[in-house]
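S.K.: Chains A and B, in that order, give the protein sequences. In this text, residue positions in the first sequence follow the UniProt record's numbering: the first is 1, and each later residue adds one. In this text, residue positions in the second sequence follow the UniProt record's numbering: the first is 1, and each later residue adds one.
No lab work stands behind these hints, which were simulated from the structure alone. Some hints here could point you the wrong way.
The calculated lysine-lysine pairs, modelled on DSSO-like cross-linking and capped at a C-alpha distance of 27 Å, are [what the hints assert, rightly or not]:
1. A:96 x B:311
2. A:96 x B:87
3. B:295 x B:466
4. B:456 x B:88
5. A:96 x B:88
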Amino acid sequence: MDYQSMLLTGFVALYIFMLAAFAGFEIIGRVPAILHTPLMSGSNFIHGIVVVGALWALLNASNLTQQIIGFIGVLLGAGNAAGGYVVTERMLEMFKPSTNTKSKE
Amino acid sequence: MQVAFIIDSSYFIAAFLFIYGLKQMSSPRSARAGIVLAGVGMVIAVLASFLYSLDVRPEAKPMLQTNMLLALVALSLGLGWAWWSGKKVAMTAMPQMVALYNGMGGGAAAAIAAIELSGYQTHGSISLLLAVLGGLIGAVSLSGSLIAWAKLDGRINKTLRMTGLQLINGSLLLVLGGVAIYIVWQGGQVSQWLFLAFFAMALLYGVMMTMPIGGADMPVVISLYNAFTGLAVGFEGYVLNNPALMIAGMVVGSAGTMLTLLMAKAMNRSVRNVLFSNFGAAADDGEQNISGSQKPIEASDAAINMRYAGKVIIAPGYGLAVAQAQHKLFEFVELLQAAGVEVKFAIHPVAGRMPGHMNVLLAEAGVPYDLIFDMEEINSEFKEADVAIVIGANDTVNPSARTNKSSPIYGMPVLNVDQARQVYVIKRGQGKGYSGVENELFFADNCQLIYGDAQKVLAAMLQAVKNLESS
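The whole structure should be built from the sequences, with the hints applied where relevant.
M.R.: Written out as structure tokens, the structure reads:
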């Protein structure tokens, strides 16, 4: 199989950015205020994906400076992802409907 | 099958799980499942990224083993620390913790930019521009979030306000923009010292931008930096030709912007106002002529009145959480419910430290979310309520926001607790609210104040009703 990663440049990148931006707006626009804090924390978790980019940079480091910066990058990125996940999960776990009354929605 | 194909498909799955998970998070029923799905996506993407080691740049080949080791150590350290700190942080301290994690993400984006720029090989000027911009935004988000964290955590109490600060910040931003353009103009072939100066100035700008902002506005700022980090991650994703970073970063960038606007709107402040004006500055003028007096009442008397009421609405504020009284409160509510009283919670959009924070704090105490109502849903019901009880809230229930044009909080939507037949306010002392404004509610004819720590007052209320039931 002759597979090559596609190059996401120029208009392809622009389309990705545009559609992703609309997706973000649409998802948040309909959220009830009760979930704003967990959602901010949840979106904070999602940009923790930056750890993947930092990993690439560190694995491709070819001198000491790059290794140091890469190490810091992976460390910070991992903290972002793991911390974001834990606090979001802790908050959302607590949302429970009452058992006796009929729940709305 | 080729490695690139495995990596690409894992990123595709991760991107799908992120968006689908975020969507699930937008309803309280499925929210828990949503974050778990997004978490699965993250694990897949990170595992797949180790396949990069099979195909690194030629010049990095000799160092690959060291780099692998470094990556594993950094990953476990970051993960371990964040997991531990996230598990033990108190719910009241959640906003600053989010700020801290967010700053780390911004720092990671800036680190990617720094590496890319230090060994820059031409990928075109768009890529270079986005690397520089992503680095700038990421660095600002890092230092700004750290200041926000320190302020909310009470480590910095000073609010830096000096004339000319706007001017200094403005010039700093201009210089940063100039250097960014110069770097792109030179095709990235500039002295390493210039890069260093660039990042140092960006960090400084983040500090200077956040220092003048007061504590009440901090959540809006954190949300803004959250959007910033997303944007920076998206830009670095372009540089690395990584669709997972591009999509996740841009989704968070726009969702965070939207959330910031929603929060600012709930506080009746524009984002511009939050960033460039001082909240407390205008609070002194506007002499208030409030007639009437503050009337105290014993906790037990108030409790027994509520026990025989038909409908009680509770308006909690940050003071409730600070006193850690939400568990006692819910115990009291269950007692009232058992006695046939209809109880509802009314949540102002900015109750707590950021929108939705109070919901989290109540959920922690086990309050079911269908007892909790947003301001718009419940404001018309105060007229029919026998008792409205305000616990640790002040500005969010101040009726002068509706009527007094000279008040600094004029125009902010408030809970109409003053329309209830009887209002009780649990308060520690005779102090003013966060905005420094006197609250005319406390002087109203139908309002009585219960002085004391919310936890102790609620304990006394519980006792009073229990004594009544057992006698």
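S.K.: If a hint holds in the structure, say so; if it doesn't, say that too.
M.R.: Do the hints match the structure? See the list:
| no. | hint | in the structure |
| --- | --- | --- |
| 1 | A:96 x B:311 | holds (23 Å) |
| 2 | A:96 x B:87 | holds (20 Å) |
| 3 | B:295 x B:466 | holds (26 Å) |
| 4 | B:456 x B:88 | holds (25 Å) |
| 5 | A:96 x B:88 | holds (21 Å) |
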